[in-house]
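> Sequence:
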Amino acid sequence: MFFFFILIGFITSTFLNGYLQDFSKKKIFDPINTRSSHNEKATRSGGAAIFLTLCFCYGIGRAFLDLDINLFSLIACCFVALIGFFDDLFDVYYVEKFALQIFAGIILIQSDVYINNFHGIFGIYEISELTAYIISLFVFLVITNSLNLIDGIDGLTGLISLKFFIAISIIIYFTDTNIYTFAVNKESMLSYSLTLIGALIGFLIFNYKSEKKVFLGDFGSLLIGSVITYFIFSILHSNNQIITDNWVNRSLIAVLLLIYPLTDTLRVYILRAKSGNSPFLPDRRHLHHKLIDKGYSHVKASILIALLSISVLIFGFGISLLIWNIDLSSILFEGVNIIATILIILAYMIFLYFKFFESKVSK
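Just so you know, the sequence shown maps onto residues 0 to 362 in numbering that gives the first Met the number 0.
One or more hints might be untrue.
[What the hints assert, rightly or not] Derived BS3-like pairs: lysine-lysine, alpha-carbon spacing no greater than 25 Å straight-line:
| id | residue 1 | residue 2 |
| --- | --- | --- |
| 1 | K293 | K212 |
| 2 | K299 | K208 |
| 3 | K185 | K162 |
| 4 | K354 | K299 |
| 5 | K299 | K162 |
| 6 | K293 | K354 |
| 7 | K273 | K289 |
| 8 | K293 | K273 |
| 9 | K299 | K289 |
| 10 | K162 | K354 |
| 11 | K289 | K162 |
| 12 | K162 | K208 |
| 13 | K162 | K212 |
| 14 | K293 | K208 |
| 15 | K299 | K212 |
| 16 | K354 | K289 |
| 17 | K289 | K208 |
| 18 | K211 | K299 |
| 19 | K289 | K212 |
| 20 | K96 | K273 |
[Stated by the list, open to error] If you anchor each label on the Cβ, the simulated ranges turn out as follows:
| id | residue 1 | residue 2 | range |
| --- | --- | --- | --- |
| 21 | D175 | G17 | 35 to 41 Å |
| 22 | L306 | T176 | 31 to 37 Å |
| 23 | G294 | Y347 | 21 to 27 Å |
| 24 | S277 | L64 | 42 to 48 Å |
| 25 | K273 | L81 | 33 to 39 Å |
| 26 | Y93 | D292 | 21 to 27 Å |
| 27 | L270 | L351 | 17 to 23 Å |
| 28 | L6 | F85 | 31 to 37 Å |
| 29 | Y93 | C54 | 24 to 30 Å |
| 30 | I349 | I10 | 41 to 47 Å |
| 31 | L351 | P281 | 20 to 26 Å |
| 32 | F279 | G17 | 31 to 37 Å |
| 33 | D244 | R266 | 28 to 34 Å |
| 34 | I165 | C54 | 19 to 25 Å |
For the record, the hints were derived by calculation from the structure and aren't laboratory data. Please read these numbers as outputs of a predicted model, since none were measured by experiment. Using N, Cα and C, we set each Cβ at its ideal position, and we do this for glycine too.
Between the sequences and the hints, there should be enough to build the whole structure, so can you do that?
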């Protein structure tokens with residue numbers, strides 16, 4: 000039954016991407032010339048297609064399969080999508096956009112799905128409600144905007160998001176609610192995650208076209224970022240348990256699932272601050288720009304980054320499993336397992352950075 004959602008998401012998204020692109024010719028969406036790395040004309044209708052696909056599948060789930068989602072989380076994601084929609088049309092000033100995102104984050108937290116446990120990272124477990132709200136709001140802003148910031152070349156945000164929803168779908172699917180506590184509706188989360196897998200595949204077909212190209216736009220990247228944040232909050236909330244709890248720290252999983260947008264955003268913000276520029280003003284400091292400047296095509300650059308992101312995820316899982324089996328904490332001190340895991344993963348990421356982003360070989 001669940002693969003039905005992948006299929007319906009793909010078919011609906013493919014149809015809507017083509018249909019909405021025709022609308023763009025009638026000025027409902029403005030055709031655009033690219034910022035930064037693009038040279039051809041395209042439309043920002045991809046986000047609208049994914050949003051309408053989600054709405055369609057939500058209606059099917061409610062009407063025929065008794066699937067539901069928390070009202071506050073639904074309102075928050077729709078509100079964020081609306082911010083992106085107006086930003087695509089009118090280029091909203093970043094201060095106003097940021098303020099509206101804070102409001103949307105507060106709405107999402109009211110769904111009672113937020114980060115209230117660090118699961119042992121830095122020796123921290125349960126945190127106070129006020130601290131949980133503040134940290135959750137911060138994480139919401141970081142994730143939502145990091146997906147938006149990496150949307151600078153064809154396919155990158157789509158592939159990174161696709162990787163996330165495939166991984167999270169696998170985790171949710173194999174989390175047996177007869178064994179693990181999962182307070183959020185498992186079937187609903189899985190169905191919407193699978194819908195997004197299909198919708199993103201449909202979008203990527205248009206995004207990679209040489210002609211009649213479609214972009215996500217801020218509408219799409221902010222929408223996907225807010226939905227991803229909801230999933231991250233769900234797996235980090237202490238009321239839920241997931242199958243990987245037996246092998247890998249849950250907070251570490253959340254970071255590994257979003258390793259590229261988080262690290263690239265942190266890197267860019269630091270570089271902008273060091274140069275005295277606002278961290279919110281766009282430039283060409285992103286890692287994907289380094290690949291483009293070295294001669295990579297958009298397709299090669301986005302696929303390479305996605306593959307590297309997947310390799311870090313797999314490597315992180317493997318190292319976590321190895322260290323947890325060795326259990327260094329029984330030899331040294333409590334918390335050394337997670338510290339050792341993080342350090343080894345960082346070393347691997349540094350190796351990948353110098354291997355692929357700082358080498359002088361052009362492609």
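> Look at each hint and say if it fits the structure.
We went through each hint and held it up to the structure:
1. K293 with K212: holds (23 Å)
2. K299 with K208: holds (14 Å)
3. K185 with K162: This hinted pair holds, its Cα atoms lying about 19 Å apart.
4. K354 with K299: holds (16 Å)
5. K299 with K162: holds (16 Å)
6. K293 with K354: holds (13 Å)
7. K273 with K289: Measuring from Cα to Cα gives roughly 19 Å; hence the hint holds.
8. K293 with K273: Judged against 25 Å, a Cα distance of about 24 Å means the pair holds.
9. K299 with K289: holds (13 Å)
10. K162 with K354: Given that 25 Å is the threshold and the Cα spacing comes to 22 Å, the pair holds.
11. K289 with K162: holds (22 Å)
12. K162 with K208: holds (20 Å)
13. K162 with K212: Status holds; Cα separation ~22 Å.
14. K293 with K208: Holds: K293 and K208 sit about 22 Å apart, inside 25 Å.
15. K299 with K212: holds (17 Å)
16. K354 with K289: At roughly 13 Å apart (the allowed maximum being 25 Å), K289 and K354 satisfy the hint.
17. K289 with K208: holds (22 Å)
18. K211 with K299: holds (20 Å)
19. K289 with K212: holds (23 Å)
20. K96 with K273: holds (24 Å)
21. D175 with G17: 35 to 41 Å: With Cβ atoms ~40 Å apart, the hint holds.
22. L306 with T176: 31 to 37 Å: Because 33 Å falls inside the window, the suggested range holds.
23. G294 with Y347: 21 to 27 Å: About 25 Å separates the Cβ atoms of G294 and Y347, which means 21 to 27 Å holds.
24. S277 with L64: 42 to 48 Å: holds (46 Å)
25. K273 with L81: 33 to 39 Å: The hinted range 33 to 39 Å holds for K273 and L81, with Cβ atoms some 34 Å apart.
26. Y93 with D292: 21 to 27 Å: holds (25 Å)
27. L270 with L351: 17 to 23 Å: holds (19 Å)
28. L6 with F85: 31 to 37 Å: holds (32 Å)
29. Y93 with C54: 24 to 30 Å: Cβ of Y93 to Cβ of C54: about 28 Å, so the range 24 to 30 Å holds.
30. I349 with I10: 41 to 47 Å: holds (42 Å)
31. L351 with P281: 20 to 26 Å: Distance hint for L351, P281 holds at roughly 25 Å.
32. F279 with G17: 31 to 37 Å: holds (34 Å)
33. D244 with R266: 28 to 34 Å: holds (30 Å)
34. I165 with C54: 19 to 25 Å: holds (22 Å)
In terms of the numbered hints stated before, the structure departs from none.
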